[in-house]
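For the protein sequence lines, the chains are A and B, in the order given. Heads up: the first sequence runs through residues 0 to 185, numbered per numbering that gives the first Met the number 0. Heads up: the second sequence runs through residues 0 to 185, numbered per numbering that gives the first Met the number 0.
Keep in mind the hints are simulated off the structure, nothing from the lab. The beta-carbon is built from N, C-alpha and C at its ideal position, and this holds for glycine as well. Accuracy of the hints is not assured; some may be wrong.
Said to hold, decoys possible - Partial chain B-side listing against chain A, Cβ under 7 Å, derived:
hint, residue
1, K38
2, D124
3, E183
Claimed, not checked - When the alpha-carbon atoms are kept at most 25 Å apart in a straight line, the in silico PhoX-like pairs for lysine-lysine are as follows:
hint, chain 1, residue 1, chain 2, residue 2
4, A, K164, A, K151
5, A, K38, B, K65
6, A, K184, B, K164
Stated by the list, open to error - Label-pair distances were calculated between CB atoms; the ranges are:
hint, chain 1, residue 1, chain 2, residue 2, range
7, A, L133, B, Y55, 15 to 23 Å
8, A, R16, B, I21, 48 to 56 Å
9, A, R16, B, S155, 46 to 54 Å
The lines below spell out each chain.
2 protein chains.
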Amino acid sequence: MSQATITSVINGVDVDRLGATIQAVQQNTSLATFQFRAKNRWITGGHNRSTIQSFYGAGQEDTDRKKPFVLDSDEPPVLFGKDHGANPYEFVLHALAAGLTTSLVYHAAARGIHIESVESTLEGDLDLQGFLGLSDQVRPGYKEIRVHFTIKADASAEVLKKLTKLSPVYDIVSNPVPVSIHIEKQ
Amino acid sequence: MSQATITSVINGVDVDRLGATIQAVQQNTSLATFQFRAKNRWITGGHNRSTIQSFYGAGQEDTDRKKPFVLDSDEPPVLFGKDHGANPYEFVLHALAAGLTTSLVYHAAARGIHIESVESTLEGDLDLQGFLGLSDQVRPGYKEIRVHFTIKADASAEVLKKLTKLSPVYDIVSNPVPVSIHIEKQ
């Protein structure tokens, strides 16, 4: 007997493949191990450039990417840079926006929740007294980040909020991540 | 009597202006208040796009940027995307690399330490069992991030490491940041 193959795509996500992946990971948890990577090179002043290409995941090195993503970061003139790119704190906001949105869309797809549109605005409060070492009472990083989503979808705001908060980036920003730094002098 | 003006630039950073800014902030701490922003729009699946332009800082809205920085994020095929950009977890690594490097370069300049070159490689370990909700024992975010710097500069590895760790992004990733999420249904 021949079998018809129907691919279910919800929110642009192939939910059949997502389901098969979840089953495969349940049977072999090592498939869930990923290592992401970035290389960065200083150019001058606040200007530096990352290249991002290879990663390990699902049991093997990924070879799909034929060329790297190239990302420039710089500071604006008021922070002694030349605006060759968004600054590092703005990249944190982008990473968070992208992570929350992707988590929402993927987890909604897995639950059969259809999403029509998602927009978000993010604000982060930074007091430079911390970075400049002018006060021990002020942390160098963001004091607070506020995210405002506008979403068209067939689920309640409470459910949608819960799905955003499953994001790895939400965890990374909200909770401590151990960062080890090794310096090799040339 | 006329005065000669000598601008001191170290590591591409105008240290005279940096020193004047630190003095100004010491006299009026409200100048250290910055608010950075991002807007994000979902496209489909894992693909979404941030625009970053305006920010508040040094007592006023910044108007130097005539057009926004546009950043695309997506997942690779193995994670059900189409690789239209680095993924959110890779953007975290870029933000961290850029932040550590900028902190090193700026704080070195303020101390008269000359830097010739800075390169870094970053690795982050992510176990997708957390994101997929398959284990309560596995966090969704990075378990650990390792940063390896190769630096040519006239200071010890210990001093250089200390300067990287003054970065706001190091603080954001290493320590908890409060993130508030508000959902508006359309």
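Comparing the hints with the structure gives:
1. K38: Holds, because the Cβ-Cβ distance from B:K38 to chain A comes to roughly 5 Å (cut-off 7 Å).
2. D124: holds (6 Å)
3. E183: Result: holds, 5 Å to nearest chain A Cβ.
4. A:K164 - A:K151: holds (18 Å)
5. A:K38 - B:K65: Given that 25 Å is the threshold and the Cα spacing comes to 29 Å, the pair is violated.
6. A:K184 - B:K164: holds (17 Å)
7. A:L133 - B:Y55: 15 to 23 Å: holds (19 Å)
8. A:R16 - B:I21: 48 to 56 Å: holds (54 Å)
9. A:R16 - B:S155: 46 to 54 Å: About 51 Å separates the Cβ atoms of A:R16 and B:S155, which means 46 to 54 Å holds.
The structure does not agree with numbered hint 5 stated previously, though it agrees with all others.
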